[in-house]
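Protein chains in written order, with the numbering used here: chain A, 1315 to 1793; chain B, 1315 to 1793.
Hint data in this document are derived by calculation from the structure and do not stem from the laboratory.
A portion of the hints provided could be inaccurate.
Said to hold, decoys possible - Partial selection, computed: residues in chain A whose CB lies under 10 angstroms from chain B: (1) N1426; (2) D1433; (3) S1496; (4) S1595; (5) A1660; (6) W1719; (7) I1784; (8) A1786.
As the list claims (entries may be wrong) - Simulated DEER-style distance windows between Cβ atoms: (9) A:K1692 x B:S1684: 31 to 41 angstroms; (10) A:Y1476 x B:S1739: 45 to 55 angstroms; (11) B:S1739 x A:G1387: 54 to 64 angstroms.
As the list claims (entries may be wrong) - In the EDC-like style, the derived pairs of lysine to aspartate or glutamate whose C-alpha atoms are separated by at most 16 angstroms in a straight line are: (12) B:K1453 x A:D1458; (13) A:K1699 x A:E1445; (14) A:K1463 x B:E1445; (15) A:K1316 x B:E1470; (16) A:K1486 x B:E1337; (17) B:K1431 x A:E1761; (18) B:K1699 x B:D1614; (19) B:K1336 x B:D1405; (20) B:K1349 x A:D1657; (21) A:K1734 x A:E1761; (22) A:K1454 x A:E1689; (23) B:K1734 x B:E1761; (24) B:K1700 x B:E1761; (25) B:K1316 x A:E1470; (26) A:K1336 x A:E1381; (27) B:K1453 x A:E1460; (28) A:K1431 x B:E1470; (29) A:K1349 x B:D1495; (30) B:K1316 x A:E1479; (31) A:K1516 x B:E1761; (32) B:K1383 x B:D1372.
Everything numeric in this text was worked out from a predicted model, so none of it was measured.
Don't be surprised by glycine CBs; every beta carbon is placed ideally from N, CA and C.
Number of protein chains: 2
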Amino acid sequence: MKIRLERSSGVPLYQQIEQIIKEKISQGEWPPGTKIPSQRKLADIFEVNRSTVTAALDELTAQGLLEGKRGGGTIVTNRTWSGLTEWPVLDWTGYVRSGIHRPNSLTIQEINRQEFKKDIIRLGTGELAPELLPYQQMKKILQDAEAGKLMLGYEEPKGNRYTREVLAAHLKEKGIHVSPDSILIVSGALQALQLISIGLLKRKAAVLTEKPSYLYSLHIFQSMEMRLYGLPLDERGLDPAVISACKKQHGADLLYTIPSFHNPTGFQMAEDRRKELIQVSKRLSLPIIEDDAYGDLWLDMPPPSPLKALDQDGNVLYVGTLSKTVSPGLRIGWVAGPEPVIDRLADIKMQTDYGSSSLSQWAAAKWISSGLYAENLKLIRNELKKRRDTALRCLEAYFGGLARWEKPRGGFYIWVTFLKPLAISALFEKALKKNILINPGTLYDKEAKQSIRLSYSYASRSDLENGIRIVAQLARELM
Amino acid sequence: MKIRLERSSGVPLYQQIEQIIKEKISQGEWPPGTKIPSQRKLADIFEVNRSTVTAALDELTAQGLLEGKRGGGTIVTNRTWSGLTEWPVLDWTGYVRSGIHRPNSLTIQEINRQEFKKDIIRLGTGELAPELLPYQQMKKILQDAEAGKLMLGYEEPKGNRYTREVLAAHLKEKGIHVSPDSILIVSGALQALQLISIGLLKRKAAVLTEKPSYLYSLHIFQSMEMRLYGLPLDERGLDPAVISACKKQHGADLLYTIPSFHNPTGFQMAEDRRKELIQVSKRLSLPIIEDDAYGDLWLDMPPPSPLKALDQDGNVLYVGTLSKTVSPGLRIGWVAGPEPVIDRLADIKMQTDYGSSSLSQWAAAKWISSGLYAENLKLIRNELKKRRDTALRCLEAYFGGLARWEKPRGGFYIWVTFLKPLAISALFEKALKKNILINPGTLYDKEAKQSIRLSYSYASRSDLENGIRIVAQLARELM
Ligand SMILES: Cc1ncc(COP(=O)(O)O)c(C=O)c1O
Ligand SMILES: Cc1ncc(COP(=O)(O)O)c(C=O)c1O
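Could you build all of it, start to finish, from the sequences and the hints given here?
Structure follows, in structure tokens:
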């Protein structure tokens, strides 16, 4: 975020900054108690020297609007614009701290902020690079809009019917036979998890998942006081044999799995394990959420059938999304499963956001039904394959003897585990100083202190090369 | 929902139905324990006589796939497709029942379903009629899409920056001075409430609101175990004088209000009350959520300034939406307030759906910045005014002596209160039988057993006339 000052206005820059901050305070944007950004950050925001910022803050402190805080930082004082308040000032910080949903981990908050910095090399980002997003084709879809086919009203609870028909046909190609009534359109796969969390589980419910897992980087279930238990994972996916013991020890209300091109490891569950998992699910009456966000992004050969295609009993809730194959900005995903469950989730969805963007639903239906989905996927696979191979080559070149990893057969990620202990948060910080973002393994498993999730979907091939080289060097220094 | 049978295929219709239901059972769409739709509903879905449905169900029952339930209804039995199961079958109904978020009230679920029925007269619906939605202009906006300006990636946590700049300028016209950093883009105003509920409040927190209120028709706060307290309301809005006593008795962590063209009453909070409310908020350190969904839809003269424009202390979180003025399908709304609060809500939003559709955000920015917002608003006001006046005229004609109401100065609603007691749920049912949907007052206040919310935004003027006439007649019969 940048704020432009009027450099030719004659008003000194520090006074302009003073004025802007005063306005933020007087308008209640920065209410009393707000910790304002650090001097370094402010200098960055206003694009001035730090001394200019200091001059502005000194002025505001002298006026009694700001004060230094014990232990560092500057906060907005309790005097309001018009003088001392008669009443204690509303303490928003109490509200912000006591809300039910947990905040993102500080590392993820930092990543969310830094990702929008210019020239940063994003080695951790789980999304397609901008040059892989289909701007031209999407533009064409929009240009073909017919007023009569657009949808601008509130949609049916499960989402636009035509879009669900298109999705049902799309799922059939994967061996998943569901009618449009058993599909709910959601705003991305993440929202499916959120709805399941508040719609299908009790507080304290036990959720099993791979360890590491994407699920650990979220607080969706934990914020509702649910307990997460991690199951061991290898290159053939999670081992269904351990589930029964885990259930005996902790209970098991739900199992969440990413069988194809798992986030963060890139692993693919083998066919025999898939079959066994379905059997275990039957035997233990254990519902499964199958997150198939990456299933279409195979790079060498298609993965085995989704669990849902093997499920004759309605034990599996299948989750998909357009985020990883088309565009995350569309915010279109889906859940398919038993109709009474889908009805329940649809009702909760109506209660939290009245359905997903109908513009996005319309574009998604056009995208898939026109054949663009299949066509574009080929291009993306091709490009991802090149990037994966570059990443693997660079790992060989720079990480040899330093770490181990498996070649992923699809998706976005390589799970890199250092052979010797090192301070992973220090590696994150040092890389950030060099303008490189990496995702520490600890985001996905508290104990994965020697791993990072490397993504080859975002950085260009030259950035991959440079980034991997520099991270290897930093890691060596830290060991 | 309709399922088309192959009428010329030679296979008897009842066998086709049998086959379709078998598939639903064998694919797990209708898992064991599922209560299947009633015979009447199935006849409707398949567009056949009830006897055809009965023949199909008898066949399935003979095969052991369905069974009649004591007390009525037919459920899927515990035998799976391949014979008797060895293990107890997964009980989804337990999951559906025990989830944390409360289901919508049965009346609202019924309304949500019936709204999509053909030829129904919707006298309760809180949305613009299809003919008032700007299909032609939206098509033009889409056709003008430039690939370079489209946004297809994940957006910043608070939403696309340019869109927030456009919104900041838009809010300035209402006297609300906030920078883009203090604005969060959400998927409709409803989502703002959902985020506030899980982001800013503790369990058991006390939320004050008008009685009746839109808020009572939702379970957003109650599902998180928060307590709602209703404040008395008259044509000049809620009376701030009672807040202090309410706080003493129950506590008060937040006040939710719809000052302009309140849902469901249409009332407008007077200027002196707005000023007083801001003072009370300061004195009691009471945060306010101002829901301004209808503020721009004044029909005679603009309402007084929003509360947020009077708030110098950052006590007000201002919520707006494009749903009532442009298109609900866009799912674009916003929250403006103190930056640390907006940061917190943005973090929760990232954790629940990674941001709103960027296609919708892009269209919203274009819509507002191009001047189409202002231009289209004039047309809509004009049309709404005609419909309001029609509704008022019909009320005079048919409801005279039967009920009382106030003329709304904007928005969508007239709150009609019968002068004598009547069974409001019977009125709802009877109207539905005549293909008319009305919203019983009890949705918005359990005790409002003599009121209905009449909406003039959806039904055409002739439907308004017919609908109001018939409802009056039914009400007289019930008294
Ligand atoms: C396994 C998995 N599931 C779900 C998501 C969420 O994707 P979206 O909500 O954009 O569909 C992601 C994104 O990182 C993911 O990796
Ligand atoms: C007062 C009020 N607020 C919020 C909403 C939700 O609107 P949306 O989520 O579509 O913006 C409504 C819709 O009925 C409303 O009446």
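Need the list of violated hint numbers for this structure, in ascending order. 2, 6, 7, 8, 10, 17, 19, 24 and 31
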